[in-house]
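Q: Sequence:
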Amino acid sequence: MKRGDRKPAPEGGCAGMGNGFLMEVCVDSVESAVNAERGGASRLELCANLMEGGTTPSIGLLQVVKQCIRGPVFVMIRPRGGDFLYSDREVEVMKADVRLAKQYGADGLVFGALTEDGRVDTELCAALLSVSRPLPVTFHRAFDMVYDPLAALETLISLGFERVLTSGCDSSALEGLPLIKRLTEQAKGRIVVVPGGGITERNLQRILEGSGASEFHCSARSASDSGMKFRNPSVTMGGYLSASEYSIKVADVAKVRTLNAIAKNIL
Numbered sequence: 001m002k003r004g005d006r007k008p009a010p011e012g013g014c015a016g017m018g019n020g021f022l023m024e025v026c027v028d029s030v031e032s033a034v035n036a037e038r039g040g041a042s043r044l045e046l047c048a049n050l051m052e053g054g055t056t057p058s059i060g061l062l063q064v065v066k067q068c069i070r071g072p073v074f075v076m077i078r079p080r081g082g083d084f085l086y087s088d089r090e091v092e093v094m095k096a097d098v099r100l101a102k103q104y105g106a107d108g109l110v111f112g113a114l115t116e117d118g119r120v121d122t123e124l125c126a127a128l129l130s131v132s133r134p135l136p137v138t139f140h141r142a143f144d145m146v147y148d149p150l151a152a153l154e155t156l157i158s159l160g161f162e163r164v165l166t167s168g169c170d171s172s173a174l175e176g177l178p179l180i181k182r183l184t185e186q187a188k189g190r191i192v193v194v195p196g197g198g199i200t201e202r203n204l205q206r207i208l209e210g211s212g213a214s215e216f217h218c219s220a221r222s223a224s225d226s227g228m229k230f231r232n233p234s235v236t237m238g239g240y241l242s243a244s245e246y247s248i249k250v251a252d253v254a255k256v257r258t259l260n261a262i263a264k265n266i267l
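Residue numbering for the sequence shown follows the numbering used here, beginning at 1 and increasing consecutively.
Warning: the hint list may mix true and false statements.
Cβ pair distances, simulated, as ranges [unchecked claim]: (1) GLN205 x LEU100: 37 to 43 Å; (2) GLN205 x ARG89: 29 to 35 Å; (3) ARG99 x THR236: 34 to 40 Å; (4) GLY189 x VAL235: 49 to 55 Å; (5) ARG190 x THR115: 41 to 47 Å; (6) ALA151 x GLY238: 34 to 40 Å.
Below 25 Å or equal to it, Euclidean Cα-Cα: the simulated DMTMM-like pairs (lysine to aspartate or glutamate) are [what the hints assert, rightly or not]: (7) LYS66 x ASP83; (8) LYS264 x GLU201; (9) LYS95 x GLU52; (10) LYS264 x ASP252; (11) LYS264 x ASP121; (12) LYS95 x ASP83; (13) LYS249 x ASP83; (14) LYS255 x GLU175; (15) LYS181 x ASP148; (16) LYS249 x ASP148; (17) LYS102 x GLU52; (18) LYS181 x GLU209; (19) LYS102 x ASP117; (20) LYS95 x ASP121; (21) LYS102 x GLU185; (22) LYS66 x ASP88; (23) LYS249 x GLU31.
No lab work stands behind these hints: they were computed from the structure.
Please read all numbers here as calculations on a predicted model, not as lab measurements.
Cβ coordinates follow ideal geometry from the N, Cα and C atoms, glycine included.
Kindly generate the complete structure, drawing on both the sequences and the hints.
A: Given below as structure tokens:
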């Protein structure tokens with residue numbers, strides 16, 4: 001397939017695909033959501049706790065984001081940080097969160113689950129997909145922790161996932177580029193392979209040209225200094241390794257615009 005001869009985007013796309021690529025920005029606040037859309041994001045992935053890779057956002061956050069945003073919002077369903085092997089009670093939480101996300105306006109859902117031996121948990125994923133329909137669903141970067149990514153891709157296709165988000169089972173999408181390319185070729189349009197993980201204005205062109213992908217995922221964040229005038233430097237809320245309470249990372253309009261412009265020019 002020649003660059004530009006792209007198939008129509010599956011459900012969950014929007015006008016951004018008219019430029020050849022669809023940019024999804026992951027956000028964990030209303031400010032980030034507004035900034036991402038202002039910068040040209042085609043779709044948002046709404047999470048909490050991006051420092052942990054993203055967990056399920058609150059319904060309050062989803063409600064307000066939906067009031068402020070015109071484009072599609074895909075909601076992360078992940079009950080905690082850490083691995084993707086879930087207990088029965090965590091599964092019940094995930095199912096409840098799927099129902100609530102649908103009720104409060106989610107345009108799509110994002111989740112993933114693995115077995116203890118690093119394979120896609122087909123039973124759990126099938127159950128969650130059943131609760132999720134008719135919304136489109138992305139299998140998130142749990143994919144990067146699987147034992148056999150090529151076999152896992154076929155499993156996701158057979159289950160009916162519309163997309164899979166991946167860094168190519170490596171520390172970043174750039175490092176995992178060879179596998180992302182192989183997965184995209186193997187998919188043959190049956191599922192959208194979305195590169196994500198460490199994508200910046202410095203490497204986006206190489207990743208898109210080298211992978212053959214039609215969509216990409218980024219956070220495009222910058223640190224924003226807290227408005228607090230009184231500060232207590234002796235206390236942290238999340239332990240010694242947590243980020244400072246006086247620095248907040250938000251999606252940067254300029255970064256999003258730059259990434260969007262780069263993607264538009266790769267045609």
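Q: Against each hint, give a clear statement of whether it holds in the structure.
A: Results of checking the hints against the structure:
As the Cβ distance of GLN205 to LEU100 is approximately 39 Å, the hint placing it in 37 to 43 Å holds. One distance hint, 29 to 35 Å for the beta-carbon pair GLN205 and ARG89, is violated here, with the actual separation near 45 Å. The hinted window of 34 to 40 Å between ARG99 and THR236 holds, with their beta carbons roughly 35 Å apart. In this structure, GLY189 and VAL235 meet the distance hint of 49 to 55 Å, their C-beta atoms being roughly 52 Å apart.
At roughly 23 Å, the beta-carbon separation of ARG190 and THR115 lies outside the given 41 to 47 Å, and the hint is violated. Between ALA151 and GLY238 the CB atoms are about 37 Å apart, so this pair conforms to the stated range of 34 to 40 Å. A threshold of 25 Å between alpha carbons decides the hint, and for LYS66 with ASP83 the separation of about 29 Å lies outside it, so the pair is violated. Among the hinted pairs, LYS264 with GLU201 is consistent with the structure: their alpha-carbon atoms are about 13 Å apart, no more than 25 Å.
Between LYS95 and GLU52 the CA atoms are separated by roughly 21 Å; this keeps the pair inside 25 Å, and the hint holds. A threshold of 25 Å between alpha carbons decides the hint, and for LYS264 with ASP252 the separation of about 18 Å falls inside it, so the pair holds. For the hint linking LYS264 to ASP121, the alpha-carbon distance of about 37 Å lies beyond 25 Å, and the restraint is violated. About 18 Å separates the Cα atoms of LYS95 and ASP83, which keeps this hinted pair within 25 Å; it holds.
Distance restraint check for LYS249 and ASP83: the Cα-Cα separation of roughly 24 Å lies within the 25 Å cut-off, and the hinted pair is therefore satisfied. Distance check on the hinted pair: LYS255 and GLU175 sit about 21 Å apart at the alpha-carbon level, within 25 Å; holds. The hinted pair formed by LYS181 and ASP148 meets the criterion: a straight-line CA distance of about 16 Å does not exceed 25 Å. Taking the CA atoms of LYS249 and ASP148, the gap is near 34 Å; set against the 25 Å cutoff, the hint is violated.
Pair hint LYS102 plus GLU52 holds up; C-alpha atoms about 24 Å apart against a cutoff of 25 Å. This hinted pair checks out: LYS181 and GLU209 have alpha carbons roughly 10 Å apart, not beyond 25 Å. Taking the CA atoms of LYS102 and ASP117, the gap is about 31 Å. The hint is violated against a cut of 25 Å. Of the pairs offered as hints, the one joining LYS95 and ASP121 holds, with about 15 Å between alpha carbons and a cut-off of 25 Å not exceeded.
Taking the CA atoms of LYS102 and GLU185, the gap is about 32 Å. The hint is violated against a cut of 25 Å. Distance restraint check for LYS66 and ASP88: the Cα-Cα separation of roughly 31 Å exceeds the 25 Å cut-off, and the hinted pair is therefore not satisfied. Taken as a hint, the LYS249 and GLU31 pair is honoured in the structure, with Cα atoms around 10 Å apart against an allowance of 25 Å.
Hint compliance for this structure: hints 2, 5, 7, 11, 16, 19, 21, 22 are broken, all remaining hints hold.
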